[in-house]
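Reassemble the complex: the two chains are provided individually, in unrelated frames, and hints are given to aid placement.
One letter stands for each residue in the lines below.
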Amino acid sequence: MASRVRVMPKKRNLELIMLLFGFGLYAFELAQVQLATIFILRPDAWFFWSLPVVAALAFHFVLRFRASDADPLILPITFLLNSLGIVIIYRLDLVKSLSALDRNVGERQVIWTVVAIVLAALVLFLVKSHLSFRRYIYISMALGVVLLILPLLPVIGKTVSGAHLWVNLGPLSFQPGELAKIALTIFFAGYLTSRREALAVVGRKTLGLRIPPARELGPIVFIWLASLAVLVLQRDLGTSLLYFGLFLVLIYVATGRVFYVLVGLVMFIAGALVASRLMSYVGGRLDGWLDPLNEANYSAVGGSYQIVQSMFGLAHGGLFGTGLGGGLPSIVPLAQSDFIISAIGEELGLVGLFAVLAMYMVLVSRALRIANAHADDFSKLLAVGLGFVIALQCFIVIGGVLRVVPLTGLTTPWLAAGGSSLVANWIIVALLLRLSDTLPKAGTVSA
Amino acid sequence: MTPEIKRVANVILLMFLALFLAASTMQVLNADSLNNDSRNQRAVYDGYKTQRGSILINNKPIAESIKTSDAYQYLRKYTGEQYSALTGFYSLYQGRTGLENFLDSSLRGDNSAQFFEQLNALFSGNPVTGASVELSIDEKVQQVAWDALGNKKGAVIAIEPSTGRILALVSKPGFDPNLLSTHNTADASANYKKLLTDKGAPLINRAIGGGLYAPGSVFKLVVASAAFESGNYTPQSLLPNPRTYTLPGTTTKITNSGESSCGGAKTVSIATALKLSCNIPFAQLGIALGQEAIAKQARAFGFGESINIPLKSTASVYPENMDAAQTGLSSFGQFDVRVSPLQMVMISAAIANAGVEMKPYLVDQIFTSNLTLLEEAKPTELRRSITTSTAERIKQMMVAAVSSGVSSNAQIPGIKVAGKTGTAENGVGQPYTLWFTGFAPADNPQVAVAVVIEDGGGQGQSGRGNTLAAPIAKKVMQAVLQK
Chain A
1 MASRVRVMPK
11 KRNLELIMLL
21 FGFGLYAFEL
31 AQVQLATIFI
41 LRPDAWFFWS
51 LPVVAALAFH
61 FVLRFRASDA
71 DPLILPITFL
81 LNSLGIVIIY
91 RLDLVKSLSA
101 LDRNVGERQV
111 IWTVVAIVLA
121 ALVLFLVKSH
131 LSFRRYIYIS
141 MALGVVLLIL
151 PLLPVIGKTV
161 SGAHLWVNLG
171 PLSFQPGELA
181 KIALTIFFAG
191 YLTSRREALA
201 VVGRKTLGLR
211 IPPARELGPI
221 VFIWLASLAV
231 LVLQRDLGTS
241 LLYFGLFLVL
251 IYVATGRVFY
261 VLVGLVMFIA
271 GALVASRLMS
281 YVGGRLDGWL
291 DPLNEANYSA
301 VGGSYQIVQS
311 MFGLAHGGLF
321 GTGLGGGLPS
331 IVPLAQSDFI
341 ISAIGEELGL
351 VGLFAVLAMY
361 MVLVSRALRI
371 ANAHADDFSK
381 LLAVGLGFVI
391 ALQCFIVIGG
401 VLRVVPLTGL
411 TTPWLAAGGS
421 SLVANWIIVA
431 LLLRLSDTLP
441 KAGTVSA
Chain B
1 MTPEIKRVAN
11 VILLMFLALF
21 LAASTMQVLN
31 ADSLNNDSRN
41 QRAVYDGYKT
51 QRGSILINNK
61 PIAESIKTSD
71 AYQYLRKYTG
81 EQYSALTGFY
91 SLYQGRTGLE
101 NFLDSSLRGD
111 NSAQFFEQLN
121 ALFSGNPVTG
131 ASVELSIDEK
141 VQQVAWDALG
151 NKKGAVIAIE
161 PSTGRILALV
171 SKPGFDPNLL
181 STHNTADASA
191 NYKKLLTDKG
201 APLINRAIGG
211 GLYAPGSVFK
221 LVVASAAFES
231 GNYTPQSLLP
241 NPRTYTLPGT
251 TTKITNSGES
261 SCGGAKTVSI
271 ATALKLSCNI
281 PFAQLGIALG
291 QEAIAKQARA
301 FGFGESINIP
311 LKSTASVYPE
321 NMDAAQTGLS
331 SFGQFDVRVS
341 PLQMVMISAA
351 IANAGVEMKP
361 YLVDQIFTSN
371 LTLLEEAKPT
381 ELRRSITTST
391 AERIKQMMVA
401 AVSSGVSSNA
411 QIPGIKVAGK
421 TGTAENGVGQ
431 PYTLWFTGFA
441 PADNPQVAVA
451 VVIEDGGGQG
461 QSGRGNTLAA
471 PIAKKVMQAV
481 LQK
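Residue numbers (the numbering used here), protein chains in the order written: chain A, 1 to 447; chain B, 1 to 483.
I should point out that these hints are in silico values taken from the structure, not numbers from a laboratory.
All residues carry an ideal CB built from backbone N, CA and C; glycine is no exception.
Possibly wrong hints are sitting among the right ones.
Said to hold, decoys possible - Here chain B is said to cover these stretches of chain A; the calculated rule only asks that three of the stretch's residues, wherever they fall, bring their Cβ under 8 Å from a Cβ of chain B:
no., segment
1, 246–253
2, 354–366
Claimed, not checked - Residues from chain A that keep clear of chain B, each with C-beta distances beyond 12 Å, as calculated:
no., residue
3, 62
4, 108
5, 128
6, 129
7, 138
8, 341
9, 391
What the hints assert, rightly or not - Examples of chain A residues toward chain B, derived with CB under 8 Å:
no., residue
10, 42
11, 146
12, 312
13, 318
14, 319
15, 350
16, 371
17, 375
18, 384
19, 403
20, 404
In isolation and in its complexed conformation, chain B is listed as follows (with noise of 0.2 Å):
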């Protein structure tokens, strides 16, 4: 009987290897997947039980976690509404959005960064404390940002361009998070709803592409970018230059932005053409290049790809599959070409570097709740997006278009100002989208920023990118270049 049993001593073996392999399975290897599920509540009891880490600017917290005498011990208290794009809220049963969400592993003291920490708290009892975040955010560009914007609905994105550390993002309207985070259940249900059907959409962080918006002129630079990696053009290339232009193909009559003669000659260079935001030049210079060669610029850009910031952005677009018509559109940033705040910034910031692309960031460290550093922010380079002589030539070109063509608001007294202006259509009858990015001061640049205002500003169709995104731009850099 004796190779019997051992046989049978084989089997059981095996039965509790199957057991050991499930426990395993299921407390470790699973285990993040069934703790973020949404029925399961021992999450939410548990992100009480400790108390969450700040989200400081400056070392001043903008999102806190307040002792309390109710059965959940902290309530998450916010500062007011202008970073609520940042800190999006913490709430009990609304779950968590923006760095609240993104930031959570951290916030909550469960990084693996805190493993001792843990360890301690595991055997001494005392919970962990969350870890606290430090913002790149500098206070005064992100007031100066809030304000500017006044009461008009859009962003605003700045960023340094050698870094990309961001300096400042603001997304209006905002919220009060503190609505949310209150402990009490049907007030923050009711005011979760009020949010979710409000008309401006405040829960959507528009800065970094909630949804997208068409670009209209500011897209020439990514059509300037491309012609000049194609070694085909330089900024005296002269382009054709009638008055009116139909696009291949159709009977479309497209024209310059009022209809103006670009100049007045028979051509007309890509730099005066870029100066003065002229279409019909632009769209010709489009479908010469072609669709692929314009789409590679763009994706040396960053279109088509999502970041974490750690806000994860939405992917900015060029369309597929065009036409020789949509091309030429899509040349001077309408038909379906949609971009973010985000990807603009970090478009104009590339250029300012001499042609490579940072990673915009917004934390600059972490640290515990006796001041241990967990992690510091290093600034990574995304990739080279065009060569220091294109880089070098549109920057030029947007300098001549604040100095003396249509970017002209953004002008700063006594500091070269790089920029492009953008009024983008979105349909008949309906109000412009409108854009400024650019970068100062051009020959040393500390900050890049793009402003997007949608609904025309509240000027309908008759709002210009130049006089209502320009001067919000420039009050933001100005806010950057004088500290």
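Extracted from the complex, chain A is given alone in its bound form (with noise of 0.2 Å):
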């Protein structure tokens, strides 16, 4: 290990360069929505531009020593990302009148940021490889199940918008489903992995499709009803939708067969179909989201007065947008968290939600490229599910906003105000980058 860190400390000094870029822009951002929203520059932009680039340096140099090999475009990337949020979620703060509840909201998404990048450091620092994760495949399972459920307790359950996501722990709350999302795909990536062969089987043929024999469809049915049951009981369907559809990814991988997708994707479609012919709510959300400019479904209590005055935001920023702190996203309900893709695109324009976008694609991309690049199914699972699971949020999440899907009750991820979704996927940096790391060639996933 020792020899590599000297042999290749090439792509450290590439990440810190790129860093080193984001810092700066970083600080251009934080000037310029205090310029365009108070006039002045004040000098808690010091607290909001130092704490994270702390943190972001102190993260690299834990790299340098832990994880030399990494590869190095995702912390830049996920710092880019991670900052806009935090400059966007400040700047609607700014802007919020003196009687306003909650004007602090960019202050807490700093602290948990460091609190965030702290517990990634510790998982590149407990977890020297990702294969021991192996041995704790059913406690995985266990503990994603339980991280599902706490929303549903008595007592410390809480109800946001009609969806049950949320934890309350004294003055914190918290969305464990993020979290799960860690715990159910590791515990997906290594249950395929021993599982693979006696579900990749060829069966019987019927009507042209090779049918795998009845008992291996069991852990699907499972996942499914697991699925509908988040659906029903949290009243959410993208937290429901993004277990499911990583589930069956991750089967398609391990398995090549197209069928589990075809027969999964039925499954969800009709499950969720009946489930929201029985829930009253989830009419009203599909009218606003099929025709959210009709009046009578943006004036309804629950319709799409939200989605409506996003879709002006969005409107009205245009190709190029209103500069930061030059637009109104404040208009639209939540512009700080569900909506947050909204103020990008109000104020940055098309062509900065583009650039967002590409962020995530060449996220995504790095993982699957880890994944290619790893010998064993294990690995190649995990980094696939991985980098599935934040196309699939992002997908989910912003399809939302732009109207490709329904609304839900997820995050975006890095940008989205919230703790539990920070913490998680800094937690989901740290495993791209530990996998990266123990490529079994060096070299392999290159700059």
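Right under this line is the structure:
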């Protein structure tokens, strides 16, 4: 190991250069929002700038010593996204009236960023090799299930806009579903590694489809039921779709059989349709999604008001945006969390939105490259799973804002306000970095 | 597993492609309609953030934005009522009308011609200043038209026949747009309610056809044009001239205005019938030509077409599927023929301009706050409405109508004026609609004008186009020629 540190400093140097660029951009963004909203530069910009910068720099040095061969793009891109999120959240804080209840969301986001980076560094220290996770597959499953059930428990469970995704622990609110996605990715990867031979067995052929032996359908039915349970009990289509989609992709990669994907999708759509018939709130949401500008949907309680305001904001931004601090994103309810993409689209324009989407794409593509470069099944599945969970979450939540899919309660990775989301996604960063550092042949994943 | 991972990558690519497409649709393709949605508060806030450009006449503002100390930063100020038909109003809660509406993108600096200024604003942070608009209106002519109309309800419009430049556009009663641009919302909505329910309907722009009018005898210009264009008639062609005429297929008898004999002979020439404005010969001429020929001529003058000057005009109407009796009635501008003053002045201007109709326009120039010219009016030909020889013939008949006919009150000493009056009936007991349209000087036309007066000019059924409308037109033409 020690010799590699000296042989391969290139990646870390590249990472440092890109990070420094990110630090500069972050400073520029903070100055811009202050000048555009309060017309002066205020010293509290230092607080917002220095804490995440120091944390990211420290994390970079942890990488130099603990994972020197790790992918050099992941950390800078994550930092760019995370810092842009803080800027937007802080910018919205700045224009809140003095009587507003919550004017310190930006400061909390900074603290959570530092906490999340420290925890990610800790993961790098503790996890020398991701292969050790294989020993905890069923513990992971149990952990994932417990985390998913937590919001449903009395006393600590909390309902936000109809969805049961939150847990109250004293002063802290927590979305355990965010951490569950890591536990479940590890479980799926481990489980499928051991069962892939059996699942890939070619069964008899019926109607042109090769159907695997019935008993091998057990797990897919189990996961399907669990996803529907999430949908019905937590009342959130996004979370349910995220886990089920993740499972389908991993079973496909493990077995190479499209059959599972087709059957799974049909089962999920059928289940979701039945569930939506049984639950009244879903119908209103669907109407608001399909025809938001319709006056009846617009003025209905829980109707399309929010998404329409977001559409107005995005249209207002147009191609180049109003400039950071120049728009009126505060008109959109929940602009700091669920609708942060709308605020970015308004102030940075279509150009800025494309840049953000491109950053996510690069990040996901790094994960897939890592998966390809690994030789063993577990590593491959874990890397694909982590990459796909980011991609699918982006698609569901950003697609919700852009009306590609109905709105759900997921968060935008690294951008949206919220500690649990930051912690979970930074841990994914740590895992991807660990995965890229332990490639069988050094240098396979190049910058 | 490698091929599977590759396929997963393709699926992810498709997912992101969907996001790229959706974002482009929302932020670019549908942006205009979303920005103009009445529920969108951003447009309101935005409109007041930048200093809106001025609307100018001879470099003097008739609408301008004044810096204020309230949250909206700028207040829209107008100079009086006489320009209200042009400017319309710009209001926080009632939206915008008139040029404030049709020139909105230029006035608020959002015109594509200001792209580089917008780009500069993006980087410098200085807001774009709206572009200002110089109108073609002549301050003096507008004033004369406004005063001449007095307290009568109606409209005056004067244009330059060779270019289509609009020199005056007045609609009465007017209103004070300041009543609506005030930032005091209670005042603004109370004022708006008052203007909406006012019997005089001041918010309607009568000149371009907030509603349309029966043209009466001025429509004879269209029928005469159709006759000459058919090739079967000349001004000397003789028409039967009975004292009364029963419309075919009915028992309805029509007479000439004042039951006159229209010269007294058994027959009358088209030229004389127009000069004396006789209904019976024109009813028969119209029936002989047929509604198709008249409709074709009406379209050639612009009937059935709304134009943007850039105010949007109401299209004038020549009815379809009439029987012979209805065709006869419509041939002297009754039945369901409906026109706007703009349409009438376009007809006069086309006759004056040797048959070529120019597109009327109100905006000479649009320029930025630092006086960079963004747009300049270029006179554009709409179409040839009639041949040069038809134009010459109609012109001579109109000259005779003023010099020795029933449109005599438009005479200007020393200047040959061409014109045609109209006195349209609006049903039993209803006051007449009074008209004049024409141009001067006949041999070198500088101005074409149309005047309409509603409600018989306050004289019920005793007012005539020649007694009330022609003198107003005369003053407006004089104002142009005396410059």
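Those earlier numbered hints the structure runs against, lowest number first | 8, 9, 10, 11, 17
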